[in-house]
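Undergrad: Taking the hints into account, I'd like the entire structure generated from these sequences.
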Amino acid sequence: MTLQFTSAQTKNLPDILTLQQENLVQNRSLENIQKEGFVTVVHSLHNLKKICGSYSHSVALDENNKVIGFALIMLKEYRNEIEILKPLFNLVDSFTFDNTRLQEARYFVMGQICVAKAARKQGVFSKLYAHLIERTKTDFDYIITEISSKNQPSLKAHTAVGFKLVHQHKSDLGEEWNVVILPL
Numbered sequence: 012m013t014l015q016f017t018s019a020q021t022k023n024l025p026d027i028l029t030l031q032q033e034n035l036v037q038n039r040s041l042e043n044i045q046k047e048g049f050v051t052v053v054h055s056l057h058n059l060k061k062i063c064g065s066y067s068h069s070v071a072l073d074e075n076n077k078v079i080g081f082a083l084i085m086l087k088e089y090r091n092e093i094e095i096l097k098p099l100f101n102l103v104d105s106f107t108f109d110n111t112r113l114q115e116a117r118y119f120v121m122g123q124i125c126v127a128k129a130a131r132k133q134g135v136f137s138k139l140y141a142h143l144i145e146r147t148k149t150d151f152d153y154i155i156t157e158i159s160s161k162n163q164p165s166l167k168a169h170t171a172v173g174f175k176l177v178h179q180h181k182s183d184l185g186e187e188w189n190v191v192i193l194p195l
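FYI, the numbering for the sequence shown is 12 to 195, going by the working numbering.
Hints in this document: simulated from the structure, not taken from any laboratory. Any given hint could turn out to be false.
[What the hints assert, rightly or not] Computed list of lysine-lysine pairs in DSS-like fashion (alpha-carbon distance at most 25 Å, straight line): (1) K138 to K148; (2) K148 to K175; (3) K87 to K97; (4) K46 to K181; (5) K132 to K167; (6) K148 to K61; (7) K138 to K46; (8) K138 to K22; (9) K77 to K60; (10) K97 to K181; (11) K181 to K167; (12) K128 to K161; (13) K60 to K148; (14) K175 to K97; (15) K87 to K175; (16) K97 to K60; (17) K46 to K148; (18) K46 to K128; (19) K97 to K132; (20) K167 to K46; (21) K22 to K77; (22) K97 to K161; (23) K22 to K161; (24) K138 to K87; (25) K128 to K167; (26) K60 to K87; (27) K132 to K60.
[As the list claims (entries may be wrong)] Computed Cβ-Cβ distance ranges for the label pairs, DEER-style: (28) Q133 to S18: 15 to 23 Å; (29) T107 to M12: 39 to 47 Å; (30) E145 to R112: 25 to 33 Å.
Source: prediction; values computed, not measured. Glycine included, each C-beta is placed from N, C-alpha and C at the ideal position.
TA: Shown next as structure tokens:
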């Protein structure tokens with residue numbers, strides 16, 4: 012499979028939303044969740060266009076230009092756009108990492124990363140991050156995200172590309188979450 016890693020264009024956004032729907036936790040079996048992971052946040056087309064600001068999300072395209080993976084940038088200035096992510100931004104802004112107050116740091120939140128089932132175990136995850144890092148490293152110091160402890164495949168993949176655990180906490184519903192950071 013020949014893949015292209017590139018910046019998302021408006022025409023790619025519906026494919027991102029389709030792939031997201033296929034991998035939402037509520038649309039997956041327990042077996043698939045444990046084996047392959049899941050995504051949590053539901054984005055709208057409007058939010059996908061907005062949350063990255065002047066940047067663009069990264070996508071992996073197959074030979075037919077179909078999105079088979081994506082990595083979504085969510086800038087701090089759009090922290091109030093997605094209700095479920097507001098607490099993450101507030102939490103992150105209370106942390107210090109490597110003697111830097113994150114509230115004052117140049118960071119963005121990984122709004123979500125996902126790889127289609129047929130493209131897994133082929134390095135797409137790490138290549139999406141590599142593409143994203145290459146495009147953002149001069150403007151940002153960190154990428155930060157939050158991963159459910161139930162999503163062990165995602166935790167392992169993020170650790171493999173260099174993310175470090177900053178904080179663990181339980182949600183109001185009792186689910187354990189891991190805030191992780193990648194210095195750029």
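Undergrad: Sort out which numbered hints this structure fails and list those numbers smallest first.
TA: Violated: hints 17, 19, 23 and 27.
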